[in-house]
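Trainee: Sequence:
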Amino acid sequence: MSDEKSRRLAQQLIVKDKWWDMLSRFIDVLRINIYIVDRTGQFILPPEETKYGGRLLMHPELGFDVFKKKGTRFESQFVGHTHYLETVNRYDLFSFAIPLRTTAQEIIAYVMVGPVILNKRLETSEYVRLAKAVGANEDELLFEINEIRVVSNIMMNSIINLLTEIVRDSIEIKSPQEATTNENAVAQKVWEKEFENIANEIYSTVRVDELLITLLDIALKMTGTQCGSVMMLDPKTNELTIKAAKGLSDLKIQGVRVKIGDGISGLVAKVKAPLILESENPDSRVAHLMTRPEIRRALVMPLVSKNRCFGILNLHTHADDDRIEENLDNLHYLTQLLSSAF
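Heads up, the sequence shown is in my numbering, so the first residue is 16 and it goes up one at a time.
Everything labelled a hint here was simulated from the structure, so no lab data went into it. Note that the coordinates shown come from a computational prediction; the quantities given were computed from them, not determined experimentally. Some clues are possibly wrong.
[Said to hold, decoys possible] In the PhoX-like style, the derived pairs of lysine-lysine whose C-alpha atoms are separated by at most 25 Å in a straight line are:
# : residue 1 : residue 2
1 : K321      : K285
2 : K267      : K287
3 : K261      : K274
4 : K236      : K287
5 : K66       : K135
6 : K285      : K274
7 : K236      : K135
8 : K251      : K274
[As the list claims (entries may be wrong)] Label-pair distances were calculated between CB atoms; the ranges are:
#  : residue 1 : residue 2 : range
9  : L157      : R272      : 50 to 58 Å
10 : L157      : K267      : 48 to 56 Å
11 : M73       : R23       : 20 to 28 Å
12 : L157      : I275      : 45 to 53 Å
13 : H98       : V149      : 29 to 37 Å
14 : N322      : K20       : 43 to 51 Å
15 : I291      : K20       : 48 to 56 Å
16 : N152      : D344      : 49 to 57 Å
Glycine residues also receive a C-beta, built at the ideal position from the N, C-alpha and C atoms.
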């Protein structure tokens, strides 16, 4: 499929209002620009110009060199990973591309994440030197650079992995062959309505189970904990049940149902605030509920959307070298990102 045909197809199938509704939530949560380009790097859904380095993306005179390399195919500027692409520009700013595919696995567009700074900013003098080298306005460049979020490699990988799960299969995009075989006008209207309906229900088509497992894997790795679970609220019974678990026996999982307000998870769901538990210094509110002395430390974190708790993230460790407290903010961002999909 030619680039021009791919662009027309992407513009036809991507319902901008619906995608923007989703991406704008992610932008607010992550404080990172997210937008959509076609296979050649042209904007389909542009970035927020006034936020998080948006002017760098929209104004080539500032020297952002990812999208304006003449004679170079867009994807050739990236390093490929399993589910996404990665690139870095002259200012040491990183961008990531998550492909959007048809059901025939043809890439028609990319969800772009970035720019971000990995680990540490360059010295101001280095940014000034780089700006002078390309004739960019130093003050404008520094202002934009200071708006860009600094993240760790681990945090960025976690964000991309979770975003990939959310984006993948969010909307079922038909293949070009499927889209063009029926020339009947009535059928075409039905086809267009089908995509509109799918976009309207974008959050209900997310593969929730895989998303929860991905969140749990990321949280365990990030905090150095060995065991955990994700509980989801059943609105019909007002009970929490385990939907994903790692390091727990089936006996501990099967049949678990917790009312809001009951037990440690139920309390956290009720107050909608995270709780860190320590075996040697137990919280007085739940000390009588801590019946497993082998657990050294634990984190119980609510999953909240629109001031409503819809789930609980539980993590615990039998060792003393966890990284729970230093990653609370990172976990908060990830759970907020998950919440944006509900």
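Trainee: State for each hint whether it applies.
Mentor: Consistency of the hints with the structure:
With a C-alpha separation of about 14 Å, the suggested pairing of K321 with K285 holds against the 25 Å cut-off. In summary, the hint linking K267 to K287 is supported, as the alpha carbons are separated by about 24 Å, within the 25 Å threshold. For the given pair, K261 sits about 22 Å from K274 by alpha-carbon distance, which is consistent with the 25 Å threshold. For the given pair, K236 sits about 24 Å from K287 by alpha-carbon distance, which is consistent with the 25 Å threshold.
At roughly 20 Å between alpha-carbon atoms, K66 and K135 fall within 25 Å of each other, so this suggested pair holds. For the given pair, K285 sits about 10 Å from K274 by alpha-carbon distance, which is consistent with the 25 Å threshold. The straight-line distance between the Cα atoms of K236 and K135 is roughly 22 Å, inside the 25 Å bound, and the hint therefore holds. A threshold of 25 Å between alpha carbons decides the hint, and for K251 with K274 the separation of about 12 Å falls inside it, so the pair holds.
With their beta carbons about 55 Å apart, L157 and R272 fall inside the hinted range of 50 to 58 Å. Between L157 and K267 the CB atoms are about 53 Å apart, so this pair conforms to the stated range of 48 to 56 Å. One distance hint, 20 to 28 Å for the beta-carbon pair M73 and R23, holds here, with the actual separation near 23 Å. At about 49 Å, the beta-carbon gap between L157 and I275 stays in the expected band of 45 to 53 Å.
Between H98 and V149 the Cβ separation comes to about 32 Å, which falls inside the hinted range of 29 to 37 Å. At roughly 45 Å, the beta carbons of N322 and K20 sit within the given window of 43 to 51 Å. For I291 paired with K20, a C-beta distance near 54 Å keeps the hint of 48 to 56 Å intact. N152 and D344 have their C-beta atoms about 33 Å apart, which leaves the hinted 49 to 57 Å range violated.
This entry does not satisfy hint 16, going by the numbered hints stated previously; all others are met.
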